[in-house]
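Residue numbers (numbering that gives the first Met the number 0), protein chains in the order written: chain A, 0 to 412; chain B, 0 to 412.
No wet-lab data here; the hints were simulated from the structure.
Please note that the accuracy of each hint is not assured.
Each pair of labels, with its calculated beta carbon distance range [claimed, not checked]:
| id | chain 1 | residue 1 | chain 2 | residue 2 | range |
| --- | --- | --- | --- | --- | --- |
| 1 | B | V155 | A | L318 | 54 to 64 angstroms |
| 2 | B | D197 | A | L318 | 38 to 48 angstroms |
| 3 | A | E21 | B | T156 | 36 to 46 angstroms |
| 4 | A | D173 | B | D151 | 40 to 50 angstroms |
| 5 | A | W315 | B | A9 | 46 to 56 angstroms |
| 6 | B | N310 | A | W319 | 23 to 33 angstroms |
| 7 | A | W315 | B | R304 | 23 to 33 angstroms |
| 8 | B | R304 | A | E13 | 43 to 53 angstroms |
| 9 | B | G148 | A | W319 | 44 to 54 angstroms |
| 10 | A | E252 | B | E252 | 27 to 37 angstroms |
| 11 | A | S314 | B | N310 | 49 to 59 angstroms |
| 12 | B | N310 | A | A140 | 35 to 45 angstroms |
| 13 | A | Q320 | B | V155 | 25 to 35 angstroms |
All C-beta atoms in this analysis are idealised placements derived from N, C-alpha and C, irrespective of residue type, glycine included.
2 protein chains.
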Amino acid sequence: MPLNPKRTVAELKELRALTGDENGAQRVAFTPMWAQTRTWLKDKLAGLPVETHTDAAGNFWATLRGESDRALLLGGHMDSVPNGGWLDGCLNVMAAVEVLRHINEQYQGKPPVTVRVVDWADEEGARFGKSLFGSSACSGALDMTEARGLKDKQGVTLPDALKAVGIDFERVKDSGRELKNAAAYLELHIEQGPVLLDLGLPLGAVLGTFGVERHAITFHGQAAHSGSTPMNRRKDAFLAAGKMSQEIYRITEKHGGVCTIGSCTTKPGIVTSVVEECRITLDQRHLDAKALALMLQAARAASERFAQEGNVRVSWERLWQIEPRPFHPELIELCDAAIKETVPQSHRLPSGPLHDAAETCGAGVPTVMMFVQSLHGISHNKIEDTKEEHLELCVTAFDKLASKALAWVAAKK
Amino acid sequence: MPLNPKRTVAELKELRALTGDENGAQRVAFTPMWAQTRTWLKDKLAGLPVETHTDAAGNFWATLRGESDRALLLGGHMDSVPNGGWLDGCLNVMAAVEVLRHINEQYQGKPPVTVRVVDWADEEGARFGKSLFGSSACSGALDMTEARGLKDKQGVTLPDALKAVGIDFERVKDSGRELKNAAAYLELHIEQGPVLLDLGLPLGAVLGTFGVERHAITFHGQAAHSGSTPMNRRKDAFLAAGKMSQEIYRITEKHGGVCTIGSCTTKPGIVTSVVEECRITLDQRHLDAKALALMLQAARAASERFAQEGNVRVSWERLWQIEPRPFHPELIELCDAAIKETVPQSHRLPSGPLHDAAETCGAGVPTVMMFVQSLHGISHNKIEDTKEEHLELCVTAFDKLASKALAWVAAKK
């Protein structure tokens with residue numbers, strides 16, 4: 000039985016009908032709908048000679064034993080944000096299942112290396128505001144102290160929520176043993192951005208996930224009456240913050256990457272007062288760690304210059320940070336080749352959003368991702384979509400990548 | 000008995016002890032503390048041959064009948080914001096009381112024209128968010144439809160709150176008859192800004208109150224993922240709004256006046272998304288109506304230019320507007336002369352904040368104000384303060400102004 004990309008599309012539609020409503024996908028991790036999704040996934044694997052189990056962090060594994068214990072991992076996550084799209088991230092798991100079927104067929108149940116499909120737990124972090132839970136537990140990167148204190152909107156802690164689905168929080172890093180023989184990790188994902196759409200290309204090879212520097216920047220000025228305070232006497236926190244809005248575009252022109260000021264709050268925030276305190280958030284991303292450091296340095300220097308110009312103070316608070324995760328150069332080449340065998344042209348691009356692949360990469364597993372074009376460049380929304388012909392093409396290209404990677408892993412034995 | 004400015008300072012201190020606490024003055028209009036303040040004020044007038052009454056809008060009047068019914072009005076407001084300063088605005092009423100005593104003494108109870116002290120009701124608008132209540136009812140400018148719908152934080156309507164202190168909301172404009180014979184209105188006030196402080200001058204003659212254009216400006220862009228959206232694909236509402244922060248300073252450099260962006264809100268307002276919607280408030284003030292119109296025009300044009308540059312839309316909503324109220328040229332001259340007879344130097348300046356004087360001026364009563372220096376340039380705060388020697392000087396200068404104005408009114412009989 001040959002690879003059947005149409006089956007993947009049909010299964011994705013079946014899943015949409017089962018776990019979505021008029022507002023979109025509702026497969027939020029650790030909810031009953033998510034558990035139902037797992038059951039459905041197991042059913043899809045039922046005809047295959049695979050061992051399945053859930054690890055200590057709630058990640059689900061389906062293992063097709065090969066001649067070697069060295070393993071090629073294919074995966075992603077079935078969970079979604081609330082009111083999410085129909086493809087993020089179940090496309091990756093369902094394409095992996097189709098590829099697994101194909102490999103099983105090709106090698107009559109015994110491929111040269113072990114092949115495993117993984118469904119990571121709670122990639123989205125929708126409930127506790129912390130993404131990549133399952134994969135970071137497995138990679139060892141999870142900050143246990145921080146995670147222990149996480150609460151959802153109802154005040155339920157992450158450990159209590161995990162307990163309710165049979166997971167012992169204190170033991171989640173035991174899942175790390177799953178990566179013992181991991182020799183490569185492949186993940187297919189919708190792009191979630193407009194780059195391939197703008198280029199008119201269906202598929203892209205991903206160079207890695209951006210490093211992220213996320214800070215809150217607060218300018219401290221002085222409240223003053225809007226009518227009685229001469230302009231040259233003001234300590235206007237919004238004046239300094241407003242200058243940053245343009246500066247981040249200059250920074251990306253010089254260094255590449257992306258910068259975003261996503262929120263701005265003002266105190267006292269009334270129409271009749273000069274702004275005393277203005278807080279903005281800055282998110283900076285780059286695939287190159289040195290360039291990211293320069294971007295951060297440039298933003299700091301600019302904020303200090305603007306503060307001085309406006310006679311205000313500035314303070315910075317780091318909210319979050321992650322190193323860039325450049326993917327494996329040889330696997331990037333294989334991904335590019337697989338795409339070129341499927342469609343006329345490939346494109347190499349970084350990933351702005353994080354993915355579970357960043358965690359496997361960080362754990363030292365040779366990793367690569369493939370992107371398929373997103374319509375509208377929009378995700379985490381019910382309007383998220385990709386053309387069906389592109390979905391079929393991506394399953395085909397991902398299968399070719401898996402074949403190449405399997406041979407690559409086998410050759411390294 | 001000569002004028003006694005020290006008595007005014009002593010009375011202000013007495014009032015502070017009676018109606019203030021550790022957080023500042025608490026004479027919010029229509030509260031029991033405010034009613035107590037009125038009783039205290041009446042006591043201070045007890046020894047004078049004046050008629051007192053409260054008009055249909057809750058304004059309190061003390062009238063010393065003169066040879067003519069034509070009246071010189073001296074006044075201000077005893078109410079304060081919550082946690083307010085000790086001088087805004089009771090200094091004006093208490094200085095007026097001292098001047099009334101002096102005039103009564105000078106003319107042995109029968110001045111050439113009638114002299115009246117007025118304590119306007121609810122100048123601050125602290126409870127219902129609408130300032131100049133009593134004076135605008137009296138001038139006729141009060142928007143009855145708008146005022147009828149005003150509610151405090153507890154949901155009590157202005158008409159109900161007035162009823163509780165014996166005022167019939169539907170009849171407040173009957174207070175207009177108080178201005179029938181008004182020939183001049185004089186008001187002393189703390190500056191509430193740093194202009195006289197910076198110049199090292201105790202007193203200033205006020206040219207009028209600024210006209211105000213108050214708008215909300217909303218830039219409409221598109222939310223997009225901070226990691227996956229290339230900079231040149233963004234419709235960043237904060238980029239356009241941020242440019243306004245600098246533009247308002249360029250506008251005042253060109254046209255004079257003052258501009259303030261007092262608040263900025265962002266939607267969705269999260270660190271990982273480009274800002275879809277950014278709303279800022281803009282407050283523009285100028286003493287000259289034409290210049291104010293040009294300032295508004297310049298801000299609109301800039302907002303449209305920034306919207307176009309950033310591929311976003313912009314919409315404007317007028318929040319409030321008032322015309323400039325230039326004071327009476329001859330009274331400004333008299334005020335300037337009175338100051339120069341008291342201290343070595345005078346200074347003419349506009350008033351950024353509004354005052355009850357804007358309403359008398361709008362009603363066609365020849366009006367002028369005198370400012371006394373504010374320490375820190377701060378008001379509406381318990382740290383609001385003015386040097387005692389300056390308080391004494393301002394009572395002296397205000398008395399000289401009243402004498403001149405009385406003669407001026409008398410001469411026009």
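Structure-based check of all given hints:
1. B:V155 - A:L318: 54 to 64 angstroms: 42 angstroms Cβ-Cβ, so the 54 to 64 angstroms window is violated.
2. B:D197 - A:L318: 38 to 48 angstroms: Check passed, 40 angstroms falls within 38 to 48 angstroms.
3. A:E21 - B:T156: 36 to 46 angstroms: holds (41 angstroms)
4. A:D173 - B:D151: 40 to 50 angstroms: About 59 angstroms separates the Cβ atoms of D173 of chain A and D151 of chain B, which means 40 to 50 angstroms is violated.
5. A:W315 - B:A9: 46 to 56 angstroms: Cβ of W315 of chain A to Cβ of A9 of chain B: about 51 angstroms, so the range 46 to 56 angstroms holds.
6. B:N310 - A:W319: 23 to 33 angstroms: With a Cβ separation near 29 angstroms, N310 of chain B and W319 of chain A satisfy 23 to 33 angstroms, so the hint holds.
7. A:W315 - B:R304: 23 to 33 angstroms: holds (31 angstroms)
8. B:R304 - A:E13: 43 to 53 angstroms: holds (51 angstroms)
9. B:G148 - A:W319: 44 to 54 angstroms: holds (46 angstroms)
10. A:E252 - B:E252: 27 to 37 angstroms: holds (28 angstroms)
11. A:S314 - B:N310: 49 to 59 angstroms: violated (32 angstroms)
12. B:N310 - A:A140: 35 to 45 angstroms: Since N310 of chain B and A140 of chain A have Cβ atoms about 38 angstroms apart, the given range 35 to 45 angstroms holds.
13. A:Q320 - B:V155: 25 to 35 angstroms: Hint violated: Cβ distance 50 angstroms, outside 25 to 35 angstroms.
The structure shown violates the earlier hints numbered 1, 4, 11, 13.
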